[in-house]
Each structure stands twice: as structure tokens, then as C-alpha cells.
Amino acid sequence: MEYFLIIISAVFVNNILLAQFLGICPFLGVSNRLSTATGMSGAVCFVITLATVVTYLVNRYLLVPFGLEFLQTIAFILVIASLVQIVEIVLKKISPSLYQALGIFLPLITTNCAVLGVAITVVSKEFTFGGAAHLMNLGEATVYAFATSLGYGLAMVLFAGLREHLASNDVPKMFRGLPIALITVSMMAMAFLGFSGMV
Amino acid sequence: MGKKISLILDGFVKNNPTFVLVLGMCPTLATTTSAMNGLSMGLATLFVLVLSNIAISAIAPMVPDKVHIPVYIVVIATFVTVLQLLMQAFVPSVYATLGLFIPLIVVNCIVLGRAEAFAGKNSVGASALDGIGVGLGFTASLVVIGLVREILGSGSAFGWKLFPGDGVLAFVMAPGAFLVLGYLMALFNKYLKK
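Protein sequence lines, in the order shown, are assigned to chains U and Z.
Position one of the first sequence corresponds to residue 1 (my numbering), numbered consecutively onward.
Position one of the second sequence corresponds to residue 1 (my numbering), numbered consecutively onward.
Keep in mind the hints are simulated off the structure, nothing from the lab.
Glycine included, every Cβ here is placed at the ideal spot set by N, Cα and C.
Incorrect hints may have been included.
Each computed EDC-like pair below joins lysine to aspartate or glutamate, with the alpha-carbon atoms no more than 20 Å apart [what the hints assert, rightly or not]:
1. Z:Lys190 with U:Asp170
2. Z:Lys66 with U:Glu88
3. U:Lys125 with U:Glu2
4. U:Lys125 with U:Glu69
5. Z:Lys121 with Z:Asp65
6. U:Lys93 with U:Glu69
Here are the in silico distance ranges between beta carbons for each label pair [what the hints assert, rightly or not]:
7. U:His165 with Z:Lys190: 19 to 27 Å
8. U:Leu108 with Z:Lys66: 13 to 21 Å
9. U:Leu98 with Z:Leu85: 20 to 28 Å
10. U:Thr38 with Z:Gly159: 20 to 28 Å
11. U:Arg33 with Z:Lys66: 17 to 25 Å
12. U:Ala167 with Z:Ser93: 40 to 48 Å
13. Z:Val82 with U:Val171: 20 to 28 Å
14. Z:Leu187 with U:Ser124: 36 to 44 Å
Could you put the whole structure together from the sequences, leaning on the hints where they help?
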């Protein structure tokens with residue numbers, strides 16, 4: 001039940017793109033076509049989940065015992081950057097087809113603030129699911145990270161679908177490109193606002 | 001002298017990080033719930049931008065080409081940590097409001113973008129000015145967005161009540177952020193972009 005609440009909350013209520021504003025740059029950058037949006041969502045999903053598990057362990061067993069929490073930002077970004085590199089190399093060897101699908105998006109992910117954002121959130125924010133406020137344990141953190149990235153993918157794919165239609169519409173010159181895209185996102189965010197209060 | 005001033009002014013209109021380069025969207029949307037929050041976020045980014053530009057332009061000739069991006073990121077992360085500690089010590093309330101978005105300055109594309117596009121190739125002095133210009137341009141954009149959202153959303157400007165009542169709450173929440181940025185960007189395209 002608790003995991004179910006985490007998932008609903010992370011996918012719909014606190015959608016990472018539309019409510020938390022994390023990872024907007026790649027969202028606006030690659031949502032022109034549905035196929036690239038799907039590829040990017042897959043890669044983000046993979047990296048966020050993996051990066052959160054690794055940074056959670058680094059924080060718990062390396063930074064906290066030695067009193068090095070002030071190095072959190074530096075340590076996390078280094079872990080994420082090297083993780084993305086490793087994932088790229090491993091994927092290339094093990095699953096060339098998956099690498100073909102995700103390959104070009106992987107290097108972009110290091111600077112996707114959603115990854116660092118989720119990693120910092122799970123080790124610093126207290127959650128109230130299932131009783132008293134507490135920091136997440138590893139299981140909850142993993143589920144939260146995975147659900148958050150699902151929410152990212154959902155918003156991204158929905159928006160790419162809208163944007164493909166937008167391209168064929170006659171938009172006033174000053175609104176062409178990003179302005180009309182942002183206004184469309186605003187409508188989507190308003191729709192997602194309807195989920196608030198569910199959890 | 002004229003060149004120095006133009007380096008700073010470029011950051012406002014020609015290279016405006018928000019409306020022209022469209023970089024650093026996450027803090028732009030998330031922290032502009034009021035003009036004051038926008039200003040704090042802008043100044044925090046300015047701080048990191050200027051210091052990292054100076055440090056990176058100074059060490060750039062010594063950094064091997066292959067590892068320059070990781071080196072730049074570590075330099076930026078160091079200054080962000082310095083900023084975090086300073087803010088926690090001196091302005092804890094501002095730090096609490098901006099929350100997650102202070103450590104996320106590390107992955108703000110504006111900072112890495114300027115390091116890569118400008119500081120890595122130019123002198124320390126020019127890089128410092130470039131950092132000030134782009135940082136001020138970013139701050140100005142955030143204040144404008146914050147001001148519009150605060151006036152429409154809570155009926156006040158910089159905390160001063162302009163008209164009674166609460167305003168349209170949606171402008172302070174997520175949809176308003178996207179909507180205001182979209183309209184402001186359209187206006188910028190029409191009147192300021194050459």
C-alpha cells in the first residue's frame with residue numbers, strides 16, 4: 001500500500017516535470033518528435049533509477065559515516081557523470097540494440113537536473129507515507145525514483161504527441177516555437193493539478 | 001572600455017540566457033513564485049557564474065582537452081558547495097525557500113555553457129565580465145517573471161500589497177510559471193529580438 005501511494009504521488013500528483021520543474025531543458029529540447037521523446041524517456045528512466053540507488057548507497061555508507069555530508073553535491077554529480085559513462089560503455093557491449101535506441105541521449109543526461117534532483121531529494125526530504133515522517137529506506141527510494149522517472153516519461157510522451165500536431169497549426173509569428181510550446185505545457189500542468197489532493 | 005560595457009550588456013538582450021538562449025529553465029520556472037525569490041535565485045547563480053568563470057579561465061590552459069568537461073563540473077560543484085555553506089550560515093530562510101534549486105545550480109546549463117563557450121577560451125578579466133553580464137541578465141529575467149507572477153498571483157510586488165484580495169492562485173502554482181514564461185518569451189520575440 002505504501003509503495004502504491006509513493007507511485008501515484010510521484011507519477012501524477014508531484015509529477016517531476018509539471019509540478020517540480022526538474023529536467024525541463026531536455027523536455028523542451030527533444031519533445032519535437034514522439035520517437036525521440038520515447039527514447040529519451042527510456043534513457044532517463046534507466047539512469048534515474050540506477051543513479052538514485054548508487055548515490056543513496058554512497059551517501060549512506062560513505063558520506064554519512066565519515067561526516068562528509070557537505071561534499072554531497074560534488075560527490076553526487078561525479079557519481080552520476082561516471083555512471084552515465086559506464087552505462088554507455090556497458091550497453092554498447094551487452095545490448096547494441098538498446099544502445100542504438102538510447103545511445104545518443106545518454107551523454108545529455110548528465111546535465112539533466114532531474115537526475116541530481118531526485119538523488120538529492122531521496123536522501124534529504126522526509127516522507128510521511130505509512131505513518132511518521134521519516135527518510136526513505138533503500139526500497140522506498142528505489143520505488144520513488146522509478147515512479148518519478150515514469151512520470152517524466154508520461155509527461156514527455158504526452159507532450160510530444162501534442163507538439164507533433166502543434167507543428168502543423170498556423171500559429172502567430174511571435175508565438176512560434178517555444179512560446180506556444182510553453183503555453184501548451186501550462187495547459188497540461190493545469191490538468192495535472194487536478195490530481196492534487198489525491199494522496 | 002566600450003568593449004567591456006558591451007560584454008556586460010550582451011547578457012541582457014543579445015545573449016539573454018532565459019529568452020534567447022533558453023537555458024536554465026528549471027530554476028527559472030520553479031523559483032519565480034515571487035519577485036524576491038527570483039532575485040535571490042538570480043543572485044545565487046550570478047555568484048557561482050562569476051567565480052566559476054574566473055577559475056575556469058585561469059586553469060583552462062592547463063586542463064587536457066579530453067577531461068575538460070569533468071574538470072569544469074568539479075570546479076562548478078565546488079563553488080556551489082561554497083555558496084550552499086554561505087547561504088546556510090547567513091541567509092538560512094532564503095536557503096530554505098529555494099531549497100533543492102541551490103545544489104542544482106551545478107547542472108544549470110548556463111554555468112557550464114558559459115564555461116565551455118566563453119571562459120575556456122578567454123582571459124580572466126573578460127570571463128569575469130561575461131559572468132557578470134550573463135548573471136545579471138539571468139537575474140533580470142527572473143525578477144521580471146517573478147514580478148508578473150507575483151502581481152497576478154498574489155496581488156503584490158516585492159511583498160508590497162498592490163490591490164486587495166489574493167489574485168489568481170494559478171499564477172503562483174505550476175501552470176502559471178509556464179504560461180507567464182510563454183507569453184513573456186513571445187513579447188520578447190516581438191519587441192526586443194533583432
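| query | Is 20 to 28 Å right for how far apart the beta carbons of Thr38 of chain U and Gly159 of chain Z are? | reply | For Gly159 of chain Z against Thr38 of chain U, whose Cβ atoms are near 44 Å apart, the range 20 to 28 Å is violated.
| 36 to 44 Å as the expected CB spacing between Ser124 of chain U and Leu187 of chain Z, which holds or is violated | holds, 38 Å
| Between Lys125 of chain U and Glu2 of chain U, does the CA-CA distance stay at or below 20 Å? | holds, 17 Å
| 20 Å Cα cutoff - pair Lys93 of chain U, Glu69 of chain U | violated, 35 Å
| query | Does Glu69 of chain U lie within 20 Å of Lys125 of chain U when you go C-alpha to C-alpha? | reply | holds, 14 Å
| request: Measure nothing beyond the straight line between the CA atoms of Lys190 of chain Z and Asp170 of chain U; if it is 20 Å or shorter, mark the hint as holding. | output: holds, 17 Å
| request: Return holds or violated for the Cβ distance of Leu98 of chain U and Leu85 of chain Z against the range 20 to 28 Å. | output: violated, 41 Å
| said: For the hint 20 to 28 Å, verify it against the beta carbon of Val82 of chain Z and that of Val171 of chain U. | reply: Given a distance of about 44 Å, which is not inside 20 to 28 Å, the answer is violated.
| query | Is the distance from the Cβ of His165 of chain U to the Cβ of Lys190 of chain Z consistent with 19 to 27 Å? | reply | holds, 24 Å
| query | Holds or violated: 17 to 25 Å for the Cβ distance of Arg33 of chain U and Lys66 of chain Z? | reply | Given a distance of about 32 Å, which is not inside 17 to 25 Å, the answer is violated.
| Restraint check for Lys66 of chain Z with Glu88 of chain U, where alpha carbons must lie at most 20 Å apart | holds, 17 Å
| When you take the CB atoms of Leu108 of chain U and Lys66 of chain Z, is the distance between them in 13 to 21 Å? | holds, 19 Å
The structure shown violates the earlier hints numbered 6, 9, 10, 11 and 13.
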